[in-house]
Every structure is written in C-alpha cells, then in structure tokens.
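Those protein sequence lines, which keep their order, are chains Z and U. Going by the numbering used here, the first residue of the first sequence is number 3, and it counts up by one from there. Going by the numbering used here, the first residue of the second sequence is number 3, and it counts up by one from there.
Hints listed in this document are in silico derivations from the structure and should not be mistaken for laboratory results. Check the hints yourself; a few may be wrong.
Listed next, the in silico BS3-like pairs over lysine-lysine satisfying Cα-Cα at most 25 Å (straight line) [as the list claims (entries may be wrong)]:
hint : chain 1 : residue 1 : chain 2 : residue 2
1    : U       : 10        : U       : 28
2    : Z       : 118       : U       : 10
3    : U       : 10        : Z       : 10
4    : Z       : 35        : U       : 96
5    : U       : 96        : Z       : 96
6    : Z       : 118       : Z       : 96
Residues from chain U shown here face chain Z by an in silico Cβ test under 8 Å; the list is partial [unchecked claim]:
hint : residue
7    : 90
8    : 93
9    : 112
10   : 157
11   : 161
12   : 268
13   : 307
14   : 336
15   : 340
Yeah, the Cβ is synthetic: ideal placement off N, Cα and C, and Gly gets one too.
There are 2 protein chains.
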Amino acid sequence: MRAVDPDKVETPIGYVDLQRVRSNAKKIASYCKEHGLNWRPHIKTHKSREIARLQIDAGATGITVATLREAEVMSTVTEDLLLAYPPVGDLKLKRLIQLPHELDLKVALDSAQVLKPLAAACASAERQVGILIERDVGLGRVGVQRVEDVIQLADLAQELDGVDFRGIMFYPGQIRMAEVDQDAHVREVAALVEEMTVALAKAGFVPDIVSGGSTPTLWRSHNYSGITEIRSGSSVFFDLEALRVGVASHDDLAYTVLATVVSTAVHGGAVVDAGSKALSKEVRSAEGDYGVLFDRAEVTVKTLNEEHGVLDLSRTDWEPRIGDQVRIIPNHVCVSVNLQDSLLAQDGDTHVMLNLEGKGRSLWVEESLLNPH
Amino acid sequence: MRAVDPDKVETPIGYVDLQRVRSNAKKIASYCKEHGLNWRPHIKTHKSREIARLQIDAGATGITVATLREAEVMSTVTEDLLLAYPPVGDLKLKRLIQLPHELDLKVALDSAQVLKPLAAACASAERQVGILIERDVGLGRVGVQRVEDVIQLADLAQELDGVDFRGIMFYPGQIRMAEVDQDAHVREVAALVEEMTVALAKAGFVPDIVSGGSTPTLWRSHNYSGITEIRSGSSVFFDLEALRVGVASHDDLAYTVLATVVSTAVHGGAVVDAGSKALSKEVRSAEGDYGVLFDRAEVTVKTLNEEHGVLDLSRTDWEPRIGDQVRIIPNHVCVSVNLQDSLLAQDGDTHVMLNLEGKGRSLWVEESLLNPH
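Next up, chain Z with everything else stripped away, as it sits in the complex:
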C-alpha cells in the first residue's frame, strides 16, 4: 500500500474505512465460528489483494472469484480458491490450467458442456480441479433445475479424469427484501439445499463443500441446513441496499464515494463530480435514487449522468457551496468499486492507496515481475 496525503487525491474516488473493514471481517468470522461455517469471501466486491489478506487474517479460509483475472491475482493470496463461474472456451481454460498447481482450485458449474472440456484441459495439464455443482434455488439465473441433474453431474465429475466432485453451490440472490420479511424465503431455499444433500447421500456422495450465502441473508446463513461455507461479497463494505435490507447499520458502512460539489446553478439541486462512471446508475430500491450522503441521510442522489450526480436538496437546510466535499453511499458497492482507478483508504490517522489488481479481464501479470528492480 502506498501512503498518501488525502488532500493530494482528486475526487471522485472510492473511499474506504479500513477499521470498519476489519470490524466487518471480525463480525463475519465470529458468526461463522459460532455456527461452524467456513468463510470464503467473494472478492469481486473489492478486487484488492490487501483487503483479501485482511479478510484471511481475520479468519477467511479461502477466496471466491468470478473471473480468471481475479483468480490469477488471488492465487498469490490464498491456496484455497473457488471460481464461482463457469469457464467457457479454450482461451479461458488455458488461463485456468496455468494457475499455480499448488492451488486447491474449485470450479462451480451447471452443465456437462462446461464440465467435459474443463476435465479434458485439466487432465492434459496433469492437474486435478475440484467441482461444485450449482443448483438454482430460485434466482432463475444459473444452476441446474432438478436434484437429479445434480446427481448426474456429480456422477460425471466422478468418472472424468482431471476433476473431482467436491460438493454443491447455491446462491439465494432473489432474497433482497428487508431482513424481517426473509423467513419464509430462507426456509424455501433451506428445503432445496436439504433435498440436495439427502439425495446426494442416497447416491453415495458426501459433499465436502456446500457453498452458499449472500449479503442480504448474511446472518441467517446457518439456517440453510447442511451449508459448510458462505461466500458473501459486499459485506466487506456494505452499501445502501444492505442498510435498507437491515443486514448492516450505518456504523458498518466502510465504503463511500468522495465527491466534490461543482455546480449549484440549478435551484433545489447541487451537482457533484461523481456520476454514473463513479457510482454506477443502478436502481436497487423503490425509492428510485442512486445513493445517499453519508453525513446527511436527507440528501439523495436523484439523477446520474456520466460525470454528474445531482443531489436532491428538497429535504435539507444544508446549503452546499462549490468545492465542498461530500461522501456518497452507493446503492451497489461492487459496481462502484469496479469503476475506480484505485481506492483511498483511511486507517486511523494515516491514508493509503489500495490497488484494485483484480479489476478488468486481461491476463494479470504481477507488477513486481514487470518492474523487477
């Protein structure tokens, strides 16, 4: 990490409170310990090796990634990696088999069309990769539909060289309502997970890993019976959605976008330099807004253009002036971090810059290799 004078950092930029990141990590690790769960944070949220190391120091047992770039970067931080995304095509498989051989690499997938070429690539590279079969538990995105399909893919993984059946994966991403209204939905998912583990046991499979969890259902993860690990991503920082769902409090928010007021010419609004290229224009609630000021909950971001964010001043007596800095809680933290060059992080009295090594999709080559001197 590079130490930095925060007054020498231009806005807009993602701003991280490292003490809160550590506190969030500690809470999740404690929760997992209490319920006998492993914690494998999804680093798509932060894409930073420094923060991944912090999570591992706090008790994370491995790391989850979505892209091969993230896998390449995080293979320098952990030896226990889950690629929670189907790798399709020769180019991606070539990158995958070039990951360090000492890595305990697991890949989640939902089809024989992905499994077979993956197994062939691994076998020809003389390496073994673990397989998690993903089942759709209600989101309707990826994942096999029937428990029979889980068994069938587990059987196939068992048969093929280069891969080992290691377990199952699910993602209850449809559960985004307020925490107090989640009970019935969590029970539905839990029933589907149990159905899988029972059917697998009958078929002679004891899954080593049952990987689940999400940030909105974070503190109920133990209700998914049979679950062995959680992958929650945005809980490293939390965001406005997490606040509204109730899974985090204001004191847990560890990421905001630092922005500067650049215009107050239009009555009732003020324009800041954080637009959709810093916050992302993603609606996540009935409110229809794009963020809220960290220090003034009555001020929302009502419009986003690429480099303009328009603050709604109709419910505040604050009178912003050009040059004022504000901190914005984004709706969805993962897509906002992905828009930053790097992050400004506060750690008590000092500030550092965090690199986002996992950002982008190109092949990652460690900086120290590029600049060996």
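Since the structure of chain Z is already known, use the hints to place chain U on it.
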C-alpha cells in the same frame, strides 16, 4: 493499434466496426458542412486516440472532453480542445495549467466560484484559456438559469486576467423522445439559445462559439439558431437508445458487446458472460431491458448481474448452446465502453485492439514516455 487474431480474444469485450465508425463520422461531417457547423465530438464515449484521429480525419475541427485525463490524452491529438466540465479545486487546476501551452483550450462553466480560481491559476501560469458560459436549457443539471447570469459571467471573464470570453454552451439532454416528437422541444431550446445571443449582442459580446447539440437531436442541430458547433458523443457508435429514438438505423450501429453463452440450465433463458460490469445496468426505455441481440432483435437482455446477462428467449425459436457467441447492443454505449479494458475492432478483413487511453481519472503519462526504447 495492435493487430490481433479475433479468435484469441476473450469475451466479454466491446466490439467496434471501424467501417461504420468512418461512415458515421462522414455523415456527421457532411451534415455539419451542409449547415455551416463545426463538429467537436465528445470523446467521453470512446476515450480512444485512434478513434479521435479518425474523427478529425473525417472533418472534426476539435475535441470535447469531460475529465482532465481525457484532456491530457486528447491534447496529443488536437490543438482545439473544449473541457465541457467545471474544473474545481487546486489539484485539477494544477493539471489543467500543465496542458500543452500551444493548445487552444476552452473551459465551460456556470459560476464565478469556478471562473475566478481558474483565471487566477491561468494568469499565474502565464496562459490564456477560453471561457464558454453554460446555460441550462431545460435539463436542470448544470448551467446558469437566467440570461442576465450569462452576461454577468461573460463580463467577469472579460475583466479577469488569464481567461477570455469565447462564447456559450448548452446541452439539450432532456430531449430523448422519438425524433418525430421532438419539434416543440427543439423549438423551446432554440428560443432560449436565441435569447442568449441577442442579449449578448446587446451587451456588446459577439460569441465566437455557440456550442450545442446532442445525439438524440443530432440531425436537428441546425434548428438551434446561432449555434456554431455540435458536440454529440455517442453518435460515433450509436446504441439502443439512439435506435429507439430514431436518430440511427441498425446499419449505423458500430459498437456491440461480444459475449459467450455460459449456461442454458434455466428454462426460457440463457446466460451470457456480459453482465453489468460489461454492459452497465442502466435502464433507458419503457421496455426496462438492458440490451438487444444485434442479430436477433427478438432476444433482449432481461436481467443483469455483475458477470451474468440473462437473455429472454420467450420470443425466439433460437436455441442457444453453451459456447455460442452473441453480440449485444447496449442501452447506453458510453458507460459500456468505459467498462472495457480495450476494444476489439474490425476493419474489413483485419482486426485490431484499440486502447482506451482516456479511461479513468489518474494523470495520463504517454506510454511511449514510459517505455522509450
């Protein structure tokens, strides 16, 4: 540009048809010539020096940028640059005055609070920067509200050392309805523009530049009386919004996102590897979708997560298979390009990779300076 074998390029990636880019540039240049307008494309859409050069070769008389990074990059391509965004704060002013002195640099702004420090910085650096006063013509984002404020700022610019009053700027960004329904709205904006030029003339100002235009109103730009130049950005590529507004036809679309089918496990859908981190999750129409397949208009992107795009197959007899490649027309091209590492561009029989040098906000240092050998 680096020549490349397209089969060696992973998805998702932005895919550009350079022949269509040239054809779009030619059409805009012809339109401008016909109506005696200058063309100063906004390069926030493409952020690429190669494409900026192509636009200049086609007849663009200068370039518009939004960020200092874009200004630094594009100062190597043109000597006629407009920063269409208020530069606020000492750090940004320091970068601004370090731009090449031979540059004919113009800055748009809407307040004395931006103008005064800018003038002071320019004066102390012994350089002159042109000033365009921005007026709000209905979007309600930035821009002074009254014609008196335009005059007042023009007066102030005239008085101050380091800056020269050069003209006015407006952006009719509220006009996004179908082209056939734009008449009354364009007339309203035209009346406001005329009011400004008349009032300025009375006050003894002859604006050298009246900068306006937008992509949705592209072919009506000559209806804004007194306008001298247009800045339209996304017309370099166009996008789904432009298609729906009617300002472009399918044959004009020069940018799509190349994606690969990774899952067909959920009935009625197919999942591609272009998610919100490749397309951006920005709703731009009543349809509520996030994109449409280039070759199959009946297939829309109905859901976007970070690395997942879910195609709606309910209106097609196409049966996608894992590994199939598709091309997606994004809702809003500017934010999609901003999410790419670089672009794959087809130019007849050859393919090249385009760098996006203007992407991000950090100080730009030309690659050839970093690697002089």
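Each hint tested on the structure:
1. The straight-line distance between the Cα atoms of residue 10 of chain U and residue 28 of chain U is roughly 31 Å, outside the 25 Å bound, and the hint therefore fails.
2. Proposed proximity of residue 118 of chain Z and residue 10 of chain U is supported: the alpha carbons are some 21 Å apart, at most 25 Å.
3. Simply put, residue 10 of chain U and residue 10 of chain Z have alpha-carbon atoms about 41 Å apart, too far for the 25 Å limit, and the pair is violated.
4. At most 25 Å may separate the alpha-carbon atoms for a hinted pair to count; residue 35 of chain Z and residue 96 of chain U exceed this at roughly 51 Å.
5. About 46 Å separates the Cα atoms of residue 96 of chain U and residue 96 of chain Z, which puts this hinted pair outside 25 Å; it is violated.
6. Taking the CA atoms of residue 118 of chain Z and residue 96 of chain Z, the gap is near 14 Å; set against the 25 Å cutoff, the hint holds.
7. A least Cβ separation of about 5 Å between residue 90 of chain U and chain Z falls short of the 8 Å threshold, and the interface hint therefore holds.
8. Hint on residue 93 of chain U holds. Least Cβ distance to chain Z is approximately 5 Å, under the 8 Å limit.
9. A least Cβ separation of about 4 Å between residue 112 of chain U and chain Z falls short of the 8 Å threshold, and the interface hint therefore holds.
10. Contact between residue 157 of chain U and chain Z, as hinted, is not supported at the beta carbon level, the nearest pair being about 17 Å apart and thus beyond 8 Å.
11. Proximity of residue 161 of chain U to chain Z is violated relative to the hint, the smallest CB-CB distance being about 19 Å (cut-off 8 Å).
12. Contact between residue 268 of chain U and chain Z, as hinted, is supported at the beta carbon level, the nearest pair being about 5 Å apart and thus within 8 Å.
13. The beta carbon of residue 307 of chain U is positioned within 8 Å of a beta carbon in chain Z (closest approach about 7 Å), and the interface hint is therefore held.
14. The interface hint given for residue 336 of chain U is met, as the beta carbon of that residue sits about 6 Å from the closest beta carbon of chain Z, less than 8 Å.
15. Evaluation of the residue 340 of chain U hint against chain Z yields a held restraint, the C-beta minimum of about 6 Å falling below 8 Å.
The structure fails to meet hints 1, 3, 4, 5, 10 and 11 from the earlier list, while all remaining hints are met.
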